[in-house]
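Peer 1: Could you slot chains C and W onto chain D? The hints should help.
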Amino acid sequence: MKRTAVLAGIALVAFGALAPAPPAAAQQPIKVGVIYGLGGAAAPYTKPAVTGHEMAVEEINAAGGVLGRKLQLVIRDDQSKPDVGVREARDLILKEKVDFLTGIIHSGVALAVSEVAKEHKTLLLVSIAKTAALTEDKWHRYVFRATSNTLIEGRAAAILLAQQPFKRYAIAGPDYEYGHRMTEDFVAHLKKLKPDVQVVAEVWPKLGERDFTPHINALLQAKPEMVFSAIWGGDHIAFVKQAKPYGFFAKTQYLAIGQGDLDVVVPLGAEAPEGMWVSSNYTFYYPDAPANRDFVAKYKARTGDLPPSGAAFGYTATHFLAAAIRKAKSAETEKVVEALEGLTMETVHGPLTIRGYDHQSNKGQFFGRLKKVPEHPFLIIGDLQYVGGEKTMRTLDEVKALRGQK
Amino acid sequence: MFDLGGLGDPAFLAVQCLNGLTQAMFLFLIASGLTLIFGVLGVLNFAHGSLYMLGAYLSYTITSLFVGSPAAFWISLVLASAGVAVVGALVEATFLRPVYRREELEQLLVTYALVLIISDAVKFIWGPDNRSVSRPAILAGSVDIGGRDFPTYNLLVLALGPLVALLLWLVLSRTQFGRLIRAAANDREMVGVVGVDVSRLFTGVFALGAWLGGLGGGLAAPVGAIYPGMDVEVIAESFIVVVVGGMGSLTGTLLGALIIGQLNSFGILFFPRFALVFVYVLMVVVLVTRPWGLLGKPLAR
Amino acid sequence: MRGYPPALRILLATVLVLVPLAFPHFYLLLATEILIMGLFAVAFNLLLGYTGMVSFGHAAFYGLGAYACGLLLKKAGAPFAVAFLAAPVLAAAAALIFGLLCIRLTRIYFSMLTLAFSQIVWAVAHKWYSLTGGDNGLVAIPVPDALAGPRAFYLFTLACTGLAVGALWRLVNAPFGRTLLAIRENAERAEFVGVHVKRMQLLAFVISGGVSGLAGALFALFSRGAFPDYAFWTKSAEVLLMTLLGGPFVFLGPALGAGILIVLNSVVTSFTEYWPVVLGVILLALIYVFPGGVMRLFRSRATPAAADDVAMASTIEARR
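Read top to bottom, the protein sequences are chains D, C and W. Be aware that the first sequence starts at 1, since it is given in this note's numbering, and climbs by one per residue. Be aware that the second sequence starts at 407, since it is given in this note's numbering, and climbs by one per residue. Be aware that the third sequence starts at 708, since it is given in this note's numbering, and climbs by one per residue.
It is worth saying that the hints were derived from the structure and are not from the lab. All of these numbers come straight from a predicted model, not from anything done at the bench. One should not assume that every hint holds.
[Claimed, not checked] Simulated pairs of lysine to any residue, SDA-like, Cα-Cα distance not exceeding 20 Å:
id: 1; chain 1: D; residue 1: Lys251; chain 2: C; residue 2: Asp550
id: 2; chain 1: D; residue 1: Lys118; chain 2: D; residue 2: Glu136
id: 3; chain 1: C; residue 1: Lys703; chain 2: W; residue 2: Leu812
id: 4; chain 1: D; residue 1: Lys251; chain 2: C; residue 2: Ser548
id: 5; chain 1: D; residue 1: Lys95; chain 2: W; residue 2: Pro731
id: 6; chain 1: D; residue 1: Lys223; chain 2: C; residue 2: Pro416
id: 7; chain 1: D; residue 1: Lys251; chain 2: C; residue 2: Val549
id: 8; chain 1: W; residue 1: Lys781; chain 2: D; residue 2: Asp137
id: 9; chain 1: D; residue 1: Lys251; chain 2: C; residue 2: Gly553
id: 10; chain 1: D; residue 1: Lys118; chain 2: W; residue 2: Ala847
id: 11; chain 1: D; residue 1: Lys251; chain 2: C; residue 2: Ile551
id: 12; chain 1: D; residue 1: Lys31; chain 2: D; residue 2: Glu119
id: 13; chain 1: D; residue 1: Lys191; chain 2: D; residue 2: Phe166
id: 14; chain 1: C; residue 1: Lys703; chain 2: W; residue 2: Arg811
id: 15; chain 1: D; residue 1: Lys251; chain 2: C; residue 2: Ala417
id: 16; chain 1: W; residue 1: Lys781; chain 2: W; residue 2: Ser837
id: 17; chain 1: D; residue 1: Lys121; chain 2: W; residue 2: Arg858
id: 18; chain 1: D; residue 1: Lys118; chain 2: W; residue 2: His732
id: 19; chain 1: D; residue 1: Lys121; chain 2: W; residue 2: Pro731
id: 20; chain 1: D; residue 1: Lys223; chain 2: C; residue 2: Gly553
id: 21; chain 1: D; residue 1: Lys223; chain 2: C; residue 2: Gly552
id: 22; chain 1: D; residue 1: Lys251; chain 2: D; residue 2: Arg369
id: 23; chain 1: W; residue 1: Lys905; chain 2: C; residue 2: Val694
id: 24; chain 1: W; residue 1: Lys781; chain 2: D; residue 2: Glu119
id: 25; chain 1: D; residue 1: Lys223; chain 2: D; residue 2: Glu202
[To be verified] Derived DEER-like restraints, expressed as beta-carbon distance ranges:
id: 26; chain 1: C; residue 1: Asp550; chain 2: D; residue 2: Pro377; range: 28 to 36 Å
id: 27; chain 1: W; residue 1: Ala853; chain 2: D; residue 2: Glu398; range: 36 to 44 Å
id: 28; chain 1: C; residue 1: Arg508; chain 2: W; residue 2: Arg896; range: 21 to 29 Å
Just so you know, even glycine gets a beta-carbon here, dropped at the ideal spot from N, CA and C.
Just chain D, with the same shape it has in the complex (with noise of 0.2 Å):
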């Protein structure tokens, strides 16, 4: 009798009878599947997003919804693995029935469930993950990109530094995909406007790395004049506190791609470096437009924080999506899908554009130096310049021929 029971058991589990049902949804809320990778490194980019989401949703919801119709969000988390993201947009899709799927940060994880909402027909609009390959070779008709890639930010920051006199380069980059593919990205279009600078130096610590030091000790020792940088994070904190003691950036310059943003500069307050390069994804102080300036505002009476990237990239993919909907009067994923390629949006950058061909949208990067102020505890970017993805997204024909060859 100990093997029936042990048999009805599996039997039970088996058929999954835990897993309650959610009530038969009301057809009234347009409902919105938002995957992110909540713990660990990306956190600090993703609880900020999760709020950026919100509060569009509150925003839009206030006004009367869409279509006369509520925004609801449904958030699950990846923990930054595609299987997870695989089964969580599934889950999304089949069980909950959400009518869109929004956010991802990793670019594995992006890569997965693009697949699967392509499988599905359903309409993903990634709002931070970078790597190209989304809107190139893996492209397809539901996947679309709020945010830039690597390549539209390497190639922003070679045409920023092309225009300095530095010839002797060095690069810094985490040994992953991202790492690699935003160097390379970088220096390919650098040595294009500028043929004559050389790459000194490479090293390569691997995500997560403690110890910067004998890194460090490498790159002055190639005696580069700017290092170019794609470490980002923890990681940059980490970089930044080890280096500054070996004289770093006195003896070379240093661009740190994305290290702008406020989940690093605050936590390093005075320590981070004045007069080091950086880009930033988002500033809560330029565009000093009303778009930005009321985001702010309500980013700060909601959470008593400023808003770090992480909650322009929520905010912004939301509200593109919800603008989808209105142009196309439908929430229907086919007519949505029409509405949202070409369209243009004020955002809190300023206006953006999701390009109809790949479904990229022209979202450039912030950069300049850091530099101390009085009304901060910490440092901002000055003399600050925004490189627009026009300038710098592959042309249709790259495009075509990046997906002809695949």
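Peer 2: Relative to the frame of chain D, chains C and W by itself:
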């Protein structure tokens, strides 16, 4: 890729060597706790990285209480490591003591469960954002070594490593507690038979190990970022140090730390993209050729 | 390990086959995932429960199986049968190589070496971008049209796991299985009785690895992708936990554990992001309250000493 000619520069090599040495001292501090716990209790403490992480977070909190005071760093170092020692003692008494009579696997799993719980607890208490503490002002600068700058803070680490090693050696060889530890490491049951309160001894050893881990965390905090997930990085490195040096041997841990520190330091010059695989390849090589490590006891456990 | 009454076997089989007809798409996917992980766990348990060897690196074989199948399908354009069957073969081959080195060690050293090997597999998958896609993974694995629908894939998975589990069941009820038990209880004594302990352990390692590779291939097809973290230590920890949760001393215990863990994860993560602490508490509960896993609630086992003699007696008999 690298101008290899430049690598012959003695000042460069000296600094690189010192970098490796500094890292070795960090590794030794942290891994010594691990090896002590394994040597005496027979438990491979997966949660050691979590204790390190707790040390870093606690030092962040304590430092923020003493903002502006030049002694903030020192106070927080002392208090944070002590705090982790207390947590360690509590954890041992509550969770590990009931399973000492059980299989090794179950003890290991208890420590793994603790990793999961502590990791979420830290995320819950301190939130997911990156945190940072600064070096104390007197250690924030650099010294000159052959025309190059070398961080003064690293000198502290370079001094603390041998100091702690000396302290441990003194405790083990000159105190009653130390004698009991050595005896228990050799024959746990005999020690109990002789009338020693083995439970209290084990708690003490675990607390000592935790103190070392927490100290490592507090020391590492000003030179890195503090974030949930920092426990995982450190535990892998500690394992390899302990495997190379010999599980249960403190001298072995010191040796292992020195080797790993220098290999990392110079390895990146010749094999820049293999940092990821390197640690595990080394582990395989050691386990296949001499599983008990350089100074461990041949498969006594 | 007596046989299950035939009536119950038929009942179970019928029920499992009818699942696709009764349940909506999402639950079908959940059931498929449970079958795959259940297979992995049962294969893993051949080593843990039956031979007494704790591997911390079984994800290596799972991951290798997944990549083998995925790469052959996607990059080499191999026919489905070839790609699919190559997975357990390649995984078994890797298990042979790793096994030869691992079985020379015991206990914690054995475990650590298995861990180190699987981390190397992970690191290679992570770094070999041109082959595996690095940490972006191998996406868009082409699944043959016949299997693309959820029902078809479920039935295919059911068939594969059924066959594999059936084969393993035969194996553990044959003298081989009893020999393994004898080795688990007391390897020295088994050696004295004439068992080639190391050879048996290696064989168990290889079979366990090969079937794990099969599970990996199934999962790659299921997710339409293969990613480095299929070989990461957390996957090895997952299968270990499933096995312990369900109970390593009953053949299908690990499968039960797989089911419970997957469903729990699915439910808990829809409410909170703090899944690790839930898992940690379950693990502690397992150790303090249910030492033999959930199966302990159901079984009334002989004491270990008696089991020892039973296993030894069977081995001696088998060798006559």
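Peer 1: Which of the numbered hints are not met once you compare them with the structure shown?
Peer 2: none
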